[in-house]
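Using the numbering used here, the first residue of the sequence shown is number 28, and each one after it goes up by one.
Simulated from the structure, these hints should not be mistaken for laboratory data. Do not rely on the hints blindly, as some may be mistaken.
[Claimed, not checked] Computed Cβ-Cβ distance ranges for the label pairs, DEER-style:
| # | residue 1 | residue 2 | range |
| --- | --- | --- | --- |
| 1 | Arg205 | Thr46 | 41 to 49 Å |
| 2 | Trp45 | Arg101 | 56 to 64 Å |
| 3 | Arg205 | Val240 | 25 to 33 Å |
| 4 | Val240 | Gly89 | 22 to 30 Å |
| 5 | Asn252 | Arg203 | 40 to 48 Å |
| 6 | Arg203 | Trp45 | 28 to 36 Å |
| 7 | Val85 | Leu208 | 36 to 44 Å |
| 8 | Asn202 | Ala281 | 15 to 23 Å |
| 9 | Pro242 | Pro159 | 18 to 26 Å |
No experiment lies behind these values; they were computed from the predicted model shown. From the three backbone atoms N, C-alpha and C, an ideal C-beta is built for every residue, glycine too.
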Amino acid sequence: MADLSLPDLPTWLVICSWTSVALGIVCAVVLVVDLVRRPQPMAVMNAVWPICALFGSVLWVGAYLAWGRAPQPRPSDDANRHSDHSSTEMAPLGLAPQPRPYSSSVFVGTSHCGAGCTVADLLVEWLIFAAPSVAVLGGMDWLFSDEIYAGWVIAYVAALIVGIGFQYFAIAPMNRDRGRLRNLRAAGRADVLSLTAWQIGMYGMMAIAQLAVFPAWLGGPVAINTPVFWAVMQLAMLTGFVTSFPVNWWLINAGVKEAM
């Protein structure tokens, strides 16, 4: 079954998809601009917020403004940055220091997890599109007959690597005395379950769309190089957030993962 290209898709669906994808990009750019002026004390969060805005658009802009925006830097902060820690710099994981509900901490922690998944899926999807032979590494032709499954295997491994890296750079600055190896192990413990839950939700939504809805409706799955694919990916990422949220809640409550 051949993938559907742009001419095969309904015009209204293409327009709606472009609108959704463009809105995500605009929201990400808006956050990048604000983060340049108000950088997060925890550097990795400067990447997390705009990455999540790519799929969450206005929802994540609202969450950033409510829970993540750092205070405007003051000249005195710049002067003392290398000799002292301001209250903003001591805020956990790059967030503004005001108190907030536990659920919002879980939201931010889940977003942190999802940013790694998003980066991995973006890279892997385009890599396989540009070089289809890469899918062999995920089992294409020797384990799976459909490229989508091989891509999921590679994307899962990539998500673990990127996600644990994101978690490491969140943990390490606060626990320098533990050493790199212990911090890396802590990052793995904190993120493997939540990343897996995210990918399960994301893969589930993509499977429904690419293996059921589009073939029944349009006659086949949608090609990667169409805005419809990436609009569905946005929805899949939101589904991943929903499936990962309770796992992050449990991990934080159990003390396995630090509140953000």
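**Asked** Which hints from the list above does the structure break, by number from lowest to highest?
**Response** 2, 3, 6
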